[in-house]
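If you're matching positions, the sequence shown starts at 1 in the numbering used here and goes up one per residue.
If you are wondering where the hints come from, they were derived from the structure by calculation, not from laboratory data. The hints are all genuine.
Derived PhoX-like pairs (lysine-lysine); straight-line CA-CA distance at most 25 Å:
hint, residue 1, residue 2
1, 347, 414
2, 194, 184
3, 221, 414
4, 54, 77
5, 281, 71
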Amino acid sequence: MKFTVKIDVKKFIESGNLRTLKTILEDQEPATILEMIEDLPPEEKVIVFRLLPKELAAYVFSELEPDEQTKLLSLFKEDRIRDILSSMDPDDRAELFDEMPANVVKRLISYLAPEDREITMELLNYPPNSAGRLMTPEYVDLEENMSVDEALRHVRETGKNKETIYTLFVIDRTRKLLGTVELKNLIFADPEVKVRDIMKPDPMFVYTTADQEEVAMIMKKYDLLVIPVVDSEERLVGIITIDDIVDVIEEEATEDIYKMASMEMIQTSYFHTSPWDLFRKRVIWLILLLLLESINGNIIKGFEEVLKGMVVVAAFIPTMIDTGGNTGSQISALIIRGFALGELKLKDWWKVLLREAGMGLMMGGVLAAVLFLRAFIISHDLTVNLAVSIALLTVVVYSNILGAALPFLARFLKIDPAMMAGPLLTTVIDVTGIGMYFLIVKMIVG
1 MKFTVKIDVK KFIESGNLRT LKTILEDQEP ATILEMIEDL PPEEKVIVFR
51 LLPKELAAYV FSELEPDEQT KLLSLFKEDR IRDILSSMDP DDRAELFDEM
101 PANVVKRLIS YLAPEDREIT MELLNYPPNS AGRLMTPEYV DLEENMSVDE
151 ALRHVRETGK NKETIYTLFV IDRTRKLLGT VELKNLIFAD PEVKVRDIMK
201 PDPMFVYTTA DQEEVAMIMK KYDLLVIPVV DSEERLVGII TIDDIVDVIE
251 EEATEDIYKM ASMEMIQTSY FHTSPWDLFR KRVIWLILLL LLESINGNII
301 KGFEEVLKGM VVVAAFIPTM IDTGGNTGSQ ISALIIRGFA LGELKLKDWW
351 KVLLREAGMG LMMGGVLAAV LFLRAFIISH DLTVNLAVSI ALLTVVVYSN
401 ILGAALPFLA RFLKIDPAMM AGPLLTTVID VTGIGMYFLI VKMIVG
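Sequences and hints are given; from them, build the entire structure.
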């Protein structure tokens, strides 16, 4: 069905039946239009945007990948660029400019009306990934001394093009945030009652400097659809809505996945990223991990005499490496998730390490017993099998503690804990685990 719609759009363009296509597009949701045009070449996308009403065109444009936006801006006529930019929400426009080269931004800013230009530059002046950069100034505020009747008239006069009118924000004469009022409550209130008498005082808010991840956690914790943003003097300057937070959650999750895979962040989708960029962002980490992993060769060479006397010991090297890596990866994933959801704090480190030391002993004991029995298939030497099993127990306990400790260390050093997971963690465990394995075997067997 999705494929057929795309083909139909292309056929409409090729046949020149643009009037019918325009009628069809005007009735579609922005997300549907995005699906319709995603495989069209840029020249045909320009035609589609020419057919869309400017508000709809602005919304669809704001959802495109940055590289697509850049291509289309180079093909749009000046009037269309001006229409789209002026119709975009201020936060979406700031995000667009943030992704563009400086020379392109300079040209685009010249298309904006003075008021839009001032708002956009104000948002861009806030730190990246902050609440100030994420917020929009498109909200409805009410003065505390307004009557309900005056407030409703104010909403009708100013609310048409605002981001949301379901939650209204009550301020005093200095614009200090006092409370919030739901539109539903305003509609059913006595027209003569003052807004301050029906507002919800002391609302949850964030400062402009708050990190976007912190904002997402607050909105999730308190189940908010919108949150006000205030400056250092608690004056209302903007709001953040749930649609922007969904994007933040996706971005943060994507960033963590890349870090756990030891990759640099890729800003565009897979097919919109060039092979060279994919190669460059992956190969550097792979080289570093290769060099670190190659230390195993030196360790094995250092225990060459042990291997000569007991070749069977080499058969269990993969078991030590894989089991240690798997154990560390499991617990690191649990700890990183705990940090992400706010379930764990830095002060919990000692409780977690004690708990995981015990858990490592339990799991290591079970795995060592299984390996001890399994080892008889390869070797009937009781001493060797016992040494290998004890080594596995030690590696599992060590890996479990290390997998729990490294994310806490990262948090202490103000590094993303996700950096301490995946290939980096397993490589560290591989290198140190092999050394522990040979030392224990040498001590027991001789």
